[in-house]
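Protein chains: 4
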Amino acid sequence: MYSFTNDYSEGAHPRVLELLNKYNLEQNAGYGEDIHSENAKNHIKKLMNRKDVDIHFIPGGTQTNLIVISSFLRPHQAVISPETGHIHGHETGAIEATGHKIITVSGKDGKLTPEGIKKVVEFHKEEYTVKPKMVYISNSTELGTIYTKEELRAISKVCKEYELILFLDGARLASALTCSSNDISFKDLSELVDVFYIGGTKNGALLGEALVIVKEELKEDFRYFIKQRGAMLAKGFVMGIQFEALFQDDLYFELGKHANEMSNKIAGIIKSKGFAFQVEPCSNQLFPILPDSLLEELEKEFSFIRNEKIDDDHTAIRLVTSWATTNESVEALGKFFENVNNK
Amino acid sequence: MYSFTNDYSEGAHPRVLELLNKYNLEQNAGYGEDIHSENAKNHIKKLMNRKDVDIHFIPGGTQTNLIVISSFLRPHQAVISPETGHIHGHETGAIEATGHKIITVSGKDGKLTPEGIKKVVEFHKEEYTVKPKMVYISNSTELGTIYTKEELRAISKVCKEYELILFLDGARLASALTCSSNDISFKDLSELVDVFYIGGTKNGALLGEALVIVKEELKEDFRYFIKQRGAMLAKGFVMGIQFEALFQDDLYFELGKHANEMSNKIAGIIKSKGFAFQVEPCSNQLFPILPDSLLEELEKEFSFIRNEKIDDDHTAIRLVTSWATTNESVEALGKFFENVNNK
Amino acid sequence: MYSFTNDYSEGAHPRVLELLNKYNLEQNAGYGEDIHSENAKNHIKKLMNRKDVDIHFIPGGTQTNLIVISSFLRPHQAVISPETGHIHGHETGAIEATGHKIITVSGKDGKLTPEGIKKVVEFHKEEYTVKPKMVYISNSTELGTIYTKEELRAISKVCKEYELILFLDGARLASALTCSSNDISFKDLSELVDVFYIGGTKNGALLGEALVIVKEELKEDFRYFIKQRGAMLAKGFVMGIQFEALFQDDLYFELGKHANEMSNKIAGIIKSKGFAFQVEPCSNQLFPILPDSLLEELEKEFSFIRNEKIDDDHTAIRLVTSWATTNESVEALGKFFENVNNK
Amino acid sequence: MYSFTNDYSEGAHPRVLELLNKYNLEQNAGYGEDIHSENAKNHIKKLMNRKDVDIHFIPGGTQTNLIVISSFLRPHQAVISPETGHIHGHETGAIEATGHKIITVSGKDGKLTPEGIKKVVEFHKEEYTVKPKMVYISNSTELGTIYTKEELRAISKVCKEYELILFLDGARLASALTCSSNDISFKDLSELVDVFYIGGTKNGALLGEALVIVKEELKEDFRYFIKQRGAMLAKGFVMGIQFEALFQDDLYFELGKHANEMSNKIAGIIKSKGFAFQVEPCSNQLFPILPDSLLEELEKEFSFIRNEKIDDDHTAIRLVTSWATTNESVEALGKFFENVNNK
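Here the protein sequences come in this chain order: A, B, C and D. For the first sequence, the numbering used here assigns the number 1 to the initial residue and increments by one for each residue that follows. For the second sequence, the numbering used here assigns the number 1 to the initial residue and increments by one for each residue that follows. For the third sequence, the numbering used here assigns the number 1 to the initial residue and increments by one for each residue that follows. For the fourth sequence, the numbering used here assigns the number 1 to the initial residue and increments by one for each residue that follows.
If we strip away everything but chain A, and leave its shape as in the complex, we get:
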């Protein structure tokens, strides 16, 4: 049974693992103060062509989200998120557990709009409400969609206007930035966003997210917050080495591209059979709407998530590809669909 359930079913990309093997018995400084972490940070900074950002490696995404949000907000301040945002429905209340309210905005395709943000800010003006102070978006979003540079610039502008910190969750940034329709670069990100992270877990690492703090005022004492939330690994170099592997050459982008190619092929197969999608396919997450009768067959060979019941006979499922998705598995899927036809 092949799994399209998520993009974290396998270990590390072989070139990442190779470096872990290579440096395994080397003695390194603890808590991320080692040379590999340093190297990795420099590689990432080069991509943005700037040195004035702070970079920290944090084991997981939920952890990164909760540290960022709880560290930058004062007690009465809140974060604005799309209703589909990972922090709202998929983190067991991790943000609220640090004391902060999430203000959700229902939107299209998992994205926030400047208008949505404005409306929230205008509504929260009194001292009996929380004070919106941060905007949380993800790229790609939970629905696999991506922001255009123009969209991101517009959000960035409204954030500056209202003095909101703009935070971008990049757990799946590799897939977003290597999408055929993408026009955002790392440099753009560092200019439009105050703080963001580059997901390693979902793009070839065993674990680890690289948090990039751009805004000067947010940098102070950040290692204290990482430590306080239990996210400062003793062997921080385990993340440093992996990000060194991902960024010392183009590996990070290669892996994102591969995931997208696999995903495009699958989308093509399913579209050719006349099936619709819940959201127009783009990055490495696909949401085809399939007949329930077909799903039972499909589940015999492949595993995936049933995302949402669409009508009495149809369900939108989620298929996820990654750096590890094999051509064989996609071909097997192609073969499965060969004899299928939507009407």
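Hint data in this document are derived by calculation from the structure and do not stem from the laboratory. Predicted model only: the values in this text are computed from it and were never measured. Don't be surprised by glycine CBs; every beta carbon is placed ideally from N, CA and C. There could be a bad hint or two in this list.
[Said to hold, decoys possible] Examples of chain A residues lying across from chain D (beta carbon under 10 Å, computed):
| hint | residue |
| --- | --- |
| 1 | H76 |
| 2 | D221 |
| 3 | I226 |
| 4 | F253 |
Since chain A is already given, all that's left is putting chains B, C and D on it; use the hints.
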């Protein structure tokens, strides 16, 4: 320069890394629900000869401490810790950040005593004080000392008497349980303690601690707490595989023994030269008191921590060994001390 | 200028103040352990015809809400609230500040329904979501509506079925229970609800809410939580004396009735002129929809809140009456409307 | 039985209650935005001869402490307190419940010293420890001692040097500032301290503390924090009117003086009989050391707290006077001691 600074300077023990390599491209379920985690848990349960414990893998020690303490205590309840406890002085207020007070007891050699615990409970009887509800100890302690079975049994008894949850931090449990003077087994632990963890990070793993919940009432919903604090790794199998490697045979104990052997040798060298120790050497942490003039020389060849100034001319340093400590490095230390004499 | 802005514009009802004067120089035990608090609790218990409830006096409503919710929930548990719930939009994130998520349900007229609750529970079944464990309702609601006994019984049933704690915010309970359409008694409340409070601030006291804990498991150590959140007044007898005044005879009910009578009169005046209401008038809060041109005139003589813009020319305002609302003020309002006509 | 147990056994001073009666049926704005709060603030500002401070009325002391500390500190920052500090041992972990560690310093007579503060700061320099950012002192202290201007100036200086916020808990400030040995004025306070409060509860009010924020950077959004912690009374004018009564003339000082006079008389009586004191008497709290045999007799006529067992036969008790302490009660005490002699 050889480092005796800590027991997390190297990556994973080769046999641990070997298994990570072996299973790297295998597809596994996410969030610790994979077969390797299952295997590892079964191996650990066998050591205790019981099946009725819950085991969870958590990336780091501070994280484990904060999750355990915040999940089991109600808002007005506090945890009792030795003044030297890791949670008190080395975790950036992680426990308080979850809302709970730590009540410290000054003690000898980093250990708590039943009397110390009793005194705290008797002192906290009014509703204007917090209510002690948990006892935190570590084995080995921050000073490298270990508990005897009799000591642990006495603490366990007083905890039962006062309805206190007994929590044992085993970040360095391997070294403690393989000490020549140790008389505690895993089975004993599971009978005397309500919840404890088996440190992987400091005994051969890249990361990971195995939390064992013995007390029935503490088991419910625990995965929610792990998730909420950001400690549920997407690739939980990365920890599962490593603990499988550590416990499928005796590797875990071998590594602890090796660390202790290296440490014993070093203790022998230093003692033979007439130097005293801050705490009588036992496990893999040594605290020799050396003349400051000697330290400057020593620091040219070895790195370590200066633990505490003892008098105008002497300082207690900390030397830590691990599974990775080489014979060569110990011999080099022996050579260094050859010509030294404490008159 | 007469204010219909809220029901806390004046001090205490004269009979309440009288008792405060009477006992002023009497020496009383601190922290609510005085005889007047005891008396007040006994009067309230008599109303329910039961002795097995715990009663605590807490200075304000937000404080009561946050203490109740944070004390009874474990870290991963959440509270379900109507979207219009006071805890969601009017308490500056007080609940989230204690670490808990509020799950909102949009509903009609500020009320929750069993179906709404069920849907939330069914949706939150996975460990990556919070776990609903409490239901928060208020009576009367933020929109001035009240629950019928049948509605409350249905909610109570679904809460028992799903093991949810049912918490009723009774900041305006006096007005609710003395409504002409009300069929709920204090006894009913104590049978259908696990914990609720009887608002003093909005019904004749200077400050104070009487929290009634019915469910046995919720009673333990509750004074610790009050103390920890800073809500245990040194002079707790100041609240005890006031609740003694409110409940030693029927004063509490008289005051609620008076507020409703005044409100009914006002509703009659406005209805007679052909104006609609946002919500059908019931208790001491009225939401008439008036032409904006008229509001400007009205604001010259009376103060009130503009609740919501209805269309380009109309706004729903909020008029609140209380025990202190004078006949003169209502007559003045009648006079104002005499010459008004909504076509 | 006359109670010397505390300074909050009676209601309000008659002149305070008189004003509450006078304005009882007046309609006032809610949430502290009324004219009486305004008046009271202006009276207090005049005492300091400055207008650039922000003043807020908060119901109780624990509440004020927790709001101040949690609002001004970032998550990794901690507050330094004397070991006897009210926040450490008498508030059920209220500060930790907001996420912050208290670093205690053992000191003499309940006071902090510049050296003690320096030592803490120097010890907390690493990111695995919390970062001291605030100093908490009280005047008078829990032991009834008071700071001299020189002592306060020295603490103020060290706080500025290390960028620590200096917070003074003035629950018993009236007694401190009217002590015969006091040389600190309100103006001094506003120059030496960043934030402090003027206790009403223990000096003639039913409830209420007046928080004075001097430091500019601490003023922003403070009402949000009051609201979030449930401390913004709907009828804020109840506190405003009381502080108006206390500060529109010299009542606040008169009451403090009276308490001290009563206390001085009692100290005289006990000293004349040859008994020692745990701490040299000064303000309205006395800690005489008396034979246990005598205490049993004393407890038949008077109530008080047994503070600490001194030896097998002696106990230090606490006697507290207040604005309400009667001459009769002091005379009764004198009579009791007439026939007593300490050998």
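Quick rundown of the hints versus the structure:
no., hint, verdict
1, H76, "holds (4 Å)"
2, D221, "holds (6 Å)"
3, I226, "holds (8 Å)"
4, F253, "violated (33 Å)"
Checked against the numbered hints given earlier, the structure breaks only hint 4 and satisfies all the rest.
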